[in-house]
Structure formats: structure tokens, C-alpha cells
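Asker: Just need the whole structure built from these sequences, with the hints factored in.
For reference, the chains in residue letters:
There are 2 protein chains.
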Amino acid sequence: MSTESHYRHHVFFCGNRRPPGERTCCADKGADRVRDYAKRRVKALGLAGVGGVRINQAGCLDRCEEGPCIVVYPEAVWYTYVDEDDIDDIVEQHLQKGQIVERLRLKD
Amino acid sequence: MSTESHYRHHVFFCGNRRPPGERTCCADKGADRVRDYAKRRVKALGLAGVGGVRINQAGCLDRCEEGPCIVVYPEAVWYTYVDEDDIDDIVEQHLQKGQIVERLRLKD
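Chains A and B supply the protein sequences, listed in that same order.
Mapping to this note's numbering: the first sequence position 23 is 1166, numbers consecutive.
Mapping to this note's numbering: the second sequence position 69 is 1212, numbers consecutive.
Among the hints, erroneous ones may be present.
The list treats identical chains as interchangeable, and a pair is accepted whether it falls inside one copy or across any two copies.
Unchecked claim - Calculated lysine to any residue pairs in the SDA-like style (CA-CA distance at most 20 Å, straight line):
id, residue 1, residue 2
1, K1186, D1205
2, K1250, D1232
3, K1182, Q1200
4, K1182, C1207
The set of hints was computed from the structure by calculation and includes no laboratory data.
Computed from a predicted model, the values in this text were never measured in an experiment.
Answerer: Below, the structure is given as C-alpha cells:
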């Protein structure tokens, strides 16, 4: 319905935190630390801002058992990640070059 | 890059809160209350879930002066709103029928 996107890639990190003993959550898997890293990398590479990339925290994206997870819009590509190395791949391949990182992708 | 979206409409409410005296923020304009209302409406209408609608809180979407704001993906349509009546229009026209509510739309 829209041909232009305010952000070329808008990335949402699930940052949901559940009490101990409940269903698994992304916050327990390093989401905050990795999101901060992603923000720093995107800024350092000059990708941040309108027409570029925006990294955001989000509430529960409800793919908890597949997480930690992120979603990149408007292309609606979902990823999981383990650590900063995975984020490097997503930033350099997807956010810089527009190529999906298939090894980290979650199926729709 | 993707033909299917996990959620047909994924709605992010900016919920950023700044200290008093700083730049304006969406939290000061009822974002939390209105987001909760949107979640209830979407559930009540049977729209919530995979293949349907997801309402999420997000960190600062960085359109503070135009806010309070939301963005609907994958179509990348941005809205502002004043109150629950505006959300009713967005839910019933956009999320149910796929029609953009032009009077509330923010330009890209």
C-alpha cells in the first residue's frame, strides 16, 4: 500500500522479559546486549537514520520458542541470532547489501 | 524480499518516555493507554495472531514531534492519533479492511 518507507530497514528486537520459571524469553538470551551492539554497528557504518536503518526495541514478538528473534521491515524477514557475530552478518549482508542471511532466517 | 508476512499487519506503538522538560514523547500523549485499547479491540474482533494482526510496544520510533505515532508493517504506513476514536478508525478501516486512513497518516 506504500511505495516508500520512512526507514529503508526498520529492525525490531524482541526484548521481552518473563519471570523465572515461565515460558522462555528473548531477554534471557542476551537481547538487550545484542540490540545495543546492533545500534552501535549501524551508527558506526553510517546506516542509521531516515531513509536508512532504524534499530528498535519491541515488546514480545510472540515467537519466544524460536528466539531470540528480530524482524526486519518492510521486507518482513525474521531472524534468530546467537551473538554479536550473527548480528555482524545481518548488518553487513542484509542491512548494507539487501541480501537475506538464510542461515539465520526464521520461516514465516 | 518476502512474499508472506508472519503477521498480516504488525503494528508498533512508540512508547518512549522522556524526562520532564526534555523533547516531547509519545508516552506523555497517552501511548500506553491507547496501545492497550488497540490490543483489546484487535482481540475482540478476532484479528489477533499469526496471519492476522499483532500490536506491539516499541522504543522510540524517532518521529517525536509528529507523535504520538504508530507504524503498520509490512506496508510501512505511519499514523498519528489523538485518542481511542482514532484507533477505532485504524482498526476497522486499515487492519480489518486494508484501507489506509488518510486523515491520520504521517507522510514518509
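Asker: Now tell me if each hint is right for this structure.
Answerer: Quick rundown of the hints versus the structure:
With identical chains, the CA atoms of K1186 and D1205 are at most 20 Å apart between copies only, with a shortest distance of 15 Å across copies and 28 Å within one. For a Cα distance limit of 20 Å, the shortest separation of K1250 from D1232 inside one copy, 18 Å, qualifies, whereas the shortest one across copies, 32 Å, does not. In the homo-oligomer, the alpha carbons of K1182 and Q1200 lie at most 20 Å apart both inside one protomer (10 Å) and across protomers (18 Å), since each shortest distance falls under that limit. Taking the closest pair of Cα atoms, K1182 and C1207 come within 20 Å of each other only across two copies (19 Å); inside a single copy the shortest separation is 22 Å, beyond that limit.
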